[in-house]
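Got chain A; can you put chain B on it based on the hints?
Number of protein chains: 2
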Amino acid sequence: MSGNEYLTPKSQDFNEWYNSLVLKAELADYGPVRGTMIVRPYGWALWENIQQALDKRFKATGHQNAAFPMFIPVSFLEKEAKHVAGFAPELAIVTHGGGEELAEPLAVRPTSETIIGHAYAKWIQSYRDLPMLLNQWNSVVRWEMRTKLFLRTLEFYWQEGHTAHATAEEALEETHRMLGVYTDFAVNEAAIPVIPGEKSENERFAGAEVTLTIEAMMGDGRALQSGTSHFMGQNFAQAFDIKYQDTNNDWQFCWTTSWGLSTRFVGAIIMTHGDDAGLIMPPRLAPIQCVIVPIYKNDGEKSDVIAAAESMHQELTDLGIRAQIDRREQLSPGFKFNDWELKGVPMRIEIGPRDVQNKALVLARRDQRGREGKQPISRDQLAVVAPELLRQIQASLLQKASDFQDANTFAVADYAEFKEAVGKGFARAWWAGSSDDEKRLQEETKATLRCIPLEQPGAAGVCFYTGKRAEKIAIFGRSY
Amino acid sequence: MSGNEYLTPKSQDFNEWYNSLVLKAELADYGPVRGTMIVRPYGWALWENIQQALDKRFKATGHQNAAFPMFIPVSFLEKEAKHVAGFAPELAIVTHGGGEELAEPLAVRPTSETIIGHAYAKWIQSYRDLPMLLNQWNSVVRWEMRTKLFLRTLEFYWQEGHTAHATAEEALEETHRMLGVYTDFAVNEAAIPVIPGEKSENERFAGAEVTLTIEAMMGDGRALQSGTSHFMGQNFAQAFDIKYQDTNNDWQFCWTTSWGLSTRFVGAIIMTHGDDAGLIMPPRLAPIQCVIVPIYKNDGEKSDVIAAAESMHQELTDLGIRAQIDRREQLSPGFKFNDWELKGVPMRIEIGPRDVQNKALVLARRDQRGREGKQPISRDQLAVVAPELLRQIQASLLQKASDFQDANTFAVADYAEFKEAVGKGFARAWWAGSSDDEKRLQEETKATLRCIPLEQPGAAGVCFYTGKRAEKIAIFGRSY
Numbered sequence: 003m004s005g006n007e008y009l010t011p012k013s014q015d016f017n018e019w020y021n022s023l024v025l026k027a028e029l030a031d032y033g034p035v036r037g038t039m040i041v042r043p044y045g046w047a048l049w050e051n052i053q054q055a056l057d058k059r060f061k062a063t064g065h066q067n068a069a070f071p072m073f074i075p076v077s078f079l080e081k082e083a084k085h086v087a088g089f090a091p092e093l094a095i096v097t098h099g100g101g102e103e104l105a106e107p108l109a110v111r112p113t114s115e116t117i118i119g120h121a122y123a124k125w126i127q128s129y130r131d132l133p134m135l136l137n138q139w140n141s142v143v144r145w146e147m148r149t150k151l152f153l154r155t156l157e158f159y160w161q162e163g164h165t166a167h168a169t170a171e172e173a174l175e176e177t178h179r180m181l182g183v184y185t186d187f188a189v190n191e192a193a194i195p196v197i198p199g200e201k202s203e204n205e206r207f208a209g210a211e212v213t214l215t216i217e218a219m220m221g222d223g224r225a226l227q228s229g230t231s232h233f234m235g236q237n238f239a240q241a242f243d244i245k246y247q248d249t250n251n252d253w254q255f256c257w258t259t260s261w262g263l264s265t266r267f268v269g270a271i272i273m274t275h276g277d278d279a280g281l282i283m284p285p286r287l288a289p290i291q292c293v294i295v296p297i298y299k300n301d302g303e304k305s306d307v308i309a310a311a312e313s314m315h316q317e318l319t320d321l322g323i324r325a326q327i328d329r330r331e332q333l334s335p336g337f338k339f340n341d342w343e344l345k346g347v348p349m350r351i352e353i354g355p356r357d358v359q360n361k362a363l364v365l366a367r368r369d370q371r372g373r374e375g376k377q378p379i380s381r382d383q384l385a386v387v388a389p390e391l392l393r394q395i396q397a398s399l400l401q402k403a404s405d406f407q408d409a410n411t412f413a414v415a416d417y418a419e420f421k422e423a424v425g426k427g428f429a430r431a432w433w434a435g436s437s438d439d440e441k442r443l444q445e446e447t448k449a450t451l452r453c454i455p456l457e458q459p460g461a462a463g464v465c466f467y468t469g470k471r472a473e474k475i476a477i478f479g480r481s482y
Numbered sequence: 003m004s005g006n007e008y009l010t011p012k013s014q015d016f017n018e019w020y021n022s023l024v025l026k027a028e029l030a031d032y033g034p035v036r037g038t039m040i041v042r043p044y045g046w047a048l049w050e051n052i053q054q055a056l057d058k059r060f061k062a063t064g065h066q067n068a069a070f071p072m073f074i075p076v077s078f079l080e081k082e083a084k085h086v087a088g089f090a091p092e093l094a095i096v097t098h099g100g101g102e103e104l105a106e107p108l109a110v111r112p113t114s115e116t117i118i119g120h121a122y123a124k125w126i127q128s129y130r131d132l133p134m135l136l137n138q139w140n141s142v143v144r145w146e147m148r149t150k151l152f153l154r155t156l157e158f159y160w161q162e163g164h165t166a167h168a169t170a171e172e173a174l175e176e177t178h179r180m181l182g183v184y185t186d187f188a189v190n191e192a193a194i195p196v197i198p199g200e201k202s203e204n205e206r207f208a209g210a211e212v213t214l215t216i217e218a219m220m221g222d223g224r225a226l227q228s229g230t231s232h233f234m235g236q237n238f239a240q241a242f243d244i245k246y247q248d249t250n251n252d253w254q255f256c257w258t259t260s261w262g263l264s265t266r267f268v269g270a271i272i273m274t275h276g277d278d279a280g281l282i283m284p285p286r287l288a289p290i291q292c293v294i295v296p297i298y299k300n301d302g303e304k305s306d307v308i309a310a311a312e313s314m315h316q317e318l319t320d321l322g323i324r325a326q327i328d329r330r331e332q333l334s335p336g337f338k339f340n341d342w343e344l345k346g347v348p349m350r351i352e353i354g355p356r357d358v359q360n361k362a363l364v365l366a367r368r369d370q371r372g373r374e375g376k377q378p379i380s381r382d383q384l385a386v387v388a389p390e391l392l393r394q395i396q397a398s399l400l401q402k403a404s405d406f407q408d409a410n411t412f413a414v415a416d417y418a419e420f421k422e423a424v425g426k427g428f429a430r431a432w433w434a435g436s437s438d439d440e441k442r443l444q445e446e447t448k449a450t451l452r453c454i455p456l457e458q459p460g461a462a463g464v465c466f467y468t469g470k471r472a473e474k475i476a477i478f479g480r481s482y
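These protein sequence lines map, in sequence, to chains A and B. Positions 3 to 482 (our numbering) are the ones given, in order, by the first sequence. Positions 3 to 482 (our numbering) are the ones given, in order, by the second sequence.
Isolated chain A, as found in the complex (with noise of 0.2 Å):
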């Protein structure tokens, strides 16, 4: 099956195929200010989906959104040392604002822990006012130096969840159930296999206690961390006095979490389901889930295939799936094909004269490309089939991803194993490695330790790397 004529083939330069993809599909391109990113509007109606489907379950999980400023006084990201440390390297500073130098510097937030856990401290007062559950959509900038569209850019999307609790228990159960909200999202709207798992130290957001992530592996092999969530502890409690009266009017601490997901989700799903020809929209977060392409020769024929087309798309419409036709004129329907492949959308109908004619059409999916892929089916049939052709796609997305983790990941038992599996995917090892080790085999390799899995086989084994005996199984590879 041939790619795309105008799209580096991804088993040729996955790197210069997925950067001429994104900018060919009009998902973004580059802003003036080196390392930003202008989100186009193909992109974005992507992102707005996965907002939905993220949103939807947080409020399901009793979350409300809400609004913080952008501006954070530099004094509020020093209170907490370990946070600091991490993000001062990456900061943006505003140093004059309506024409005068400021008396205190502000930062464009990085993350907003400081400055929601300021508001926390004025807002809960007792446990009554516990647990705090906020969330906020919007955008941070980290000062990047080496960017790639959605991947890592200057400033990028997100959500940030923040929470404050009564005890380090209900804490730590948040932190869980924001992973398994993001593990469920990823399965089940991305159809992107990940792995819930615990970062190691060296890996853990700056100021966190645990930092819990969901790792998946792209079609090259490589690992990408997808979403985090982080226990805190009581550090931003003490860094910033989030207080509460208990029930014996004794004042306590607040345990607190974070979690976040960006739009670096929007490149795992480049990654995980493009091919050759372009990319490959999961039906459930697809911007355009069924185009169709109308074929005719003359204007005849074309007033009877625009309107079974119009009465297509209304059906569809009707039944929840969001559907399109392709009006454009002096383009071949060739080119229109080539064109909604590269886009990705997972359906396609064909309907020509002699289709309206037989009460007829062509069903295509964008994931069997060519005849195997394409079924004729009678108009009536339409409003039965499409939407099981959609779930079919679906499933079938998550199936591949999920076999060409599996195929790709190693489980290993020496180095030589281990360097010859993050050449090709992860490995999968039992791990008692200490923080300099991690380090020690970061140089040596480039992979990193990815996670160490919630799921583990229990017992024990042999540390491939030191020899030691090992509780736990991590999972390593090499990232972007």
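FYI, nobody ran anything at the bench for these hints, they're computed from the structure. The reader is advised that the hints may include incorrect statements.
Note that the list lumps identical chains together, so a pair holds whenever it fits in one copy or between two copies.
Said to hold, decoys possible - Straight-line distance between alpha carbons at most 16 Å, and here's what the computed EDC-like set of lysine to aspartate or glutamate pairs gives:
| id | residue 1 | residue 2 |
| --- | --- | --- |
| 1 | K448 | E205 |
| 2 | K124 | D31 |
| 3 | K124 | E28 |
| 4 | K150 | D31 |
| 5 | K441 | E80 |
| 6 | K441 | E317 |
| 7 | K421 | E440 |
Same frame as chain A, now just chain B:
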């Protein structure tokens, strides 16, 4: 009817009433940096409903959402002379990033004409690319010295639409179309009667050739500009080289527009509908449309009453009504009534053990407090009465606000009448003054020309200020 004991009465001090209401109803709070605002969950839920009502209309008129970076090179702003003159004094400037001083300082966007103009110049090549109809939801920064929650803050939330067209006619049509969208939204969703009109040259957006506005009258008779739509002519197209090849392959400059509505509109809702007891949310935008207050004295009563409340909650939710049960313990029903009145929930259900026995309940409407606003109904009527009552409240709020605006708008024939009118509300008068006349008028009376209404009586009259022949009626008022 008494007010709320925690709230300064509206009639006593409108400004203080507003400020305390915003804080006490937990719509917003002050951010740590002077002039910034935290939008709390209840305020943000209102803004989300505003967003949805507008976004639906934007998409129905062919617009798509996108996202452009917040950082704009200062040199971009300088490309359009009037634009930079208008915005330069209000800019926040980033001078350092990633620990280093930047070669070129960056402005945090005060509005996005320039950065979007830069992108349009790249994306638009042919008449086939037109019209380009984009919108973005974001926050912008203007360094304001006199701030007031929602009305004027250093950072505020809004949407900004930016479009490019092949002809002046199409761009002007778009400018009017979007003002129509704002008018429809204000009247039919927010129950705020607005006057659509054109701004005078003095009040135009920096860089625009025409600025249209919707002006609303607040509860103290003052004017609030509630949404604006600008025709830019070719000013930005020339500054940013936004050109297309027409059907003859000749290069032509585009014609552009922009239009925005901000969180200031939350202030409009508060100040149009609120009363001494607090907010009154228009039902169509209310975060909570119906609150159910269970009333009981002991555990036996409680279980019956809560079961009845839950059944009502389910029925209302199934009808698409945003309902909530107030399950808080240790608070009296009277306290809860006051609290929900403060928060402006349009409809309240009171349900006690006797009501459960009688298969009945009491419906209370927020816009008619006390006995007259309460009606006992039988339980099986709820599904019919509740949606109808919400519609009545919506219509009644619009009627009340229209009556208030009419009663406080005065046709004036001379300067004495003008001065009296703008002390109470709007002056409506024939106007033929110059820009200098307008400035002098403002110095003398603190009133500004709010707009020249699109709807005009026709014919001509005598300008109340200059005595000249005037062809247009204008609306004047004091603002905040």
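To see whether the hints hold, each was checked on the structure:
no. : hint        : result
1   : K448 - E205 : within (14 Å within a copy, 60 Å between copies)
2   : K124 - D31  : between (41 Å within a copy, 10 Å between copies)
3   : K124 - E28  : between (44 Å within a copy, 13 Å between copies)
4   : K150 - D31  : within (11 Å within a copy, 37 Å between copies)
5   : K441 - E80  : neither (27 Å within a copy, 48 Å between copies)
6   : K441 - E317 : neither (58 Å within a copy, 59 Å between copies)
7   : K421 - E440 : within (14 Å within a copy, 78 Å between copies)
Checked against the numbered hints given earlier, the structure breaks hints 5, 6 and satisfies all the rest.
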